[in-house]
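Undergrad: Sequence:
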Amino acid sequence: MDKAVDIYGRKSYEFAVGRINANAHRPFSAEQWNRLQEADLWSAEKIVVEYGYPSIREGETIFDSIEAGLKRTIEFIRDIAPDAELVNLLFFEEDAVNLKLFLKARLLGTEPASLPVCVGGINSELLRICVYTEDFSLLGETAQAILSDICTETDPRKISCLADNAMFCRALALAEKKHCVPLVHLMTEYGVGRNRRTALRLAALGADPQKYTDAFFPLEWESFRAADHEKTKADVLKDINKRLAAVTEEIGYDSGMGAIAQYYFMKKNEAAALRMLFTEKSFAAAGGAAENG
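Read in this note's numbering, the sequence shown has 46 at position 46, and its numbers run on one by one without any break.
Everything labelled a hint here was simulated from the structure, so no lab data went into it. Just so it is clear, the structure is predicted and the values come from calculations on it, not from any experiment. Note that the Cβ used here is the ideal one computed from N, Cα and C, for glycine as well. Among the clues, some could well be false.
Below, a list of computed lysine-lysine pairs in the DSS-like style, where the Cα atoms sit at most 27 angstroms apart [what the hints assert, rightly or not]:
no.	residue 1	residue 2
1	K177	K233
2	K242	K46
3	K238	K46
4	K71	K211
5	K46	K100
6	K71	K242
7	K242	K231
8	K100	K71
9	K11	K177
10	K11	K178
11	K46	K104
12	K71	K104
13	K46	K281
14	K71	K238
15	K71	K281
16	K158	K100
17	K158	K242
18	K281	K238
19	K238	K104
20	K100	K211
21	K211	K231
22	K100	K11
Simulated restraints on C-beta separations [as the list claims (entries may be wrong)]:
no.	residue 1	residue 2	range
23	K231	Y132	28 to 34 angstroms
24	H25	Q210	44 to 50 angstroms
25	G287	V49	35 to 41 angstroms
Please model the entire structure based on the sequences and the hints provided.
TA: Structure below.
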């Protein structure tokens, strides 16, 4: 009998946690991050593959490897999770990507059938129907309230922010409705961390985060703003995952959906941090090449 299921044919959390603990693709340690940060661009790319990310094939970049690694994580999580409804709530960012694709296609008059949708927690056809009928009630009250005026919005940035917020708030509300306390706590902490990363990206672009409040999830995170301003970007990213890991100790659980969510969100943070790291290294390498030229 398949060890992933119990005698009633159901997947078990015990097996899922065992698979996570035995998984070779663990979130990077502090030592691994230090090694990456100190390496040049070419060496860092080799190190990421050495740490378990897919090899970079001809015609691809390190960013393709990062995306392939994240896709592998999603497939792994789907494979081991006993509760499909709960695990689908983890994929709110993928749902937001699909929603934005349909919204922008509608705005541009593009044929939606050819769009490269990703596999999220919500059926992409349902999202398409919501957009083209301008009726978001099928997504629930939380998302409907946020998206009520989105079909009249023409600013791509605002469309993106509304979609991100709607899918996050919807997932969080459903986790609360299902009384999954570990998932609620972890999702909230992940959202706070994402807000901190968003502030870093805006600062890197020379933009004032206070002028783009709609880019942030509606969570209390202001207490981090001043402290993060005094830290290096690397230290902020380390602290985000450290706080996510600490949720386990704070709410007193070590198994079940919480373990699955924690692993997934830590890998999501890792992918986001890698994108930021390699963007900076690529710019630095390009600048050095220009100076030498």
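Undergrad: Could you run down the list of hints and mark each one as holding or not?
TA: Tested hints:
1. With a C-alpha separation of about 35 angstroms, the suggested pair K177 and K233 falls outside the 27 angstroms cut-off, and the hint is violated.
2. Proximity of K242 to K46 is assessed by CA-CA distance (about 25 angstroms); at most 27 angstroms being required, the pair is judged to hold.
3. At most 27 angstroms may separate the alpha-carbon atoms for a hinted pair to count; K238 and K46 meet this at roughly 21 angstroms.
4. The suggested pairing of K71 with K211 is violated, with an alpha-carbon distance near 33 angstroms, which exceeds 27 angstroms.
5. The hinted pair formed by K46 and K100 fails the criterion: a straight-line CA distance of about 33 angstroms is larger than 27 angstroms.
6. At roughly 23 angstroms between alpha-carbon atoms, K71 and K242 fall within 27 angstroms of each other, so this suggested pair holds.
7. For a cut-off of 27 angstroms, the pair hint linking K242 to K231 stands: about 15 angstroms separates their Cα positions.
8. For the proposed pair K100 and K71, the alpha carbon gap of about 19 angstroms is at most 27 angstroms, so the pair holds.
9. Taken as a hint, the K11 and K177 pair is honoured in the structure, with Cα atoms around 22 angstroms apart against an allowance of 27 angstroms.
10. Between K11 and K178, the direct Cα distance comes to roughly 19 angstroms. Compliance with the 27 angstroms bound is thereby established for this hinted pair.
11. For the given pair, K46 sits about 36 angstroms from K104 by alpha-carbon distance, which is inconsistent with the 27 angstroms threshold.
12. Our distance criterion of 27 angstroms between C-alpha atoms is met by K71 and K104, whose separation comes to about 24 angstroms.
13. In summary, the hint linking K46 to K281 is supported, as the alpha carbons are separated by about 14 angstroms, within the 27 angstroms threshold.
14. A C-alpha spacing of about 22 angstroms is found between K71 and K238, which places the hinted pair at or below 27 angstroms, so the restraint holds.
15. The straight-line distance between the Cα atoms of K71 and K281 is roughly 23 angstroms, inside the 27 angstroms bound, and the hint therefore holds.
16. Under the criterion of a C-alpha separation no larger than 27 angstroms, the hint pairing K158 with K100 is consistent with the structure, at around 11 angstroms.
17. With a CA separation close to 31 angstroms, the supplied pair K158 and K242 exceeds the 27 angstroms bound.
18. As the CA atoms of K281 and K238 are separated by approximately 18 angstroms, the hinted pair is consistent with the 27 angstroms bound.
19. As the CA atoms of K238 and K104 are separated by approximately 34 angstroms, the hinted pair breaks the 27 angstroms bound.
20. This hinted pair checks out: K100 and K211 have alpha carbons roughly 22 angstroms apart, not beyond 27 angstroms.
21. The straight-line distance between the Cα atoms of K211 and K231 is roughly 22 angstroms, inside the 27 angstroms bound, and the hint therefore holds.
22. Distance hint between K100 and K11 is unfulfilled; the C-alpha atoms sit about 33 angstroms from each other, more than 27 angstroms.
23. Between K231 and Y132, the C-beta spacing of about 45 angstroms breaks the proposed range 28 to 34 angstroms.
24. Roughly 38 angstroms separates the CB atoms of H25 and Q210, a value that falls outside the hinted 44 to 50 angstroms.
25. A C-beta distance of roughly 25 angstroms is found between G287 and V49, which places it outside the suggested range of 35 to 41 angstroms.
Hints 1, 4, 5, 11, 17, 19, 22, 23, 24, 25 from the list above are not met by this structure, while the remaining hints are.
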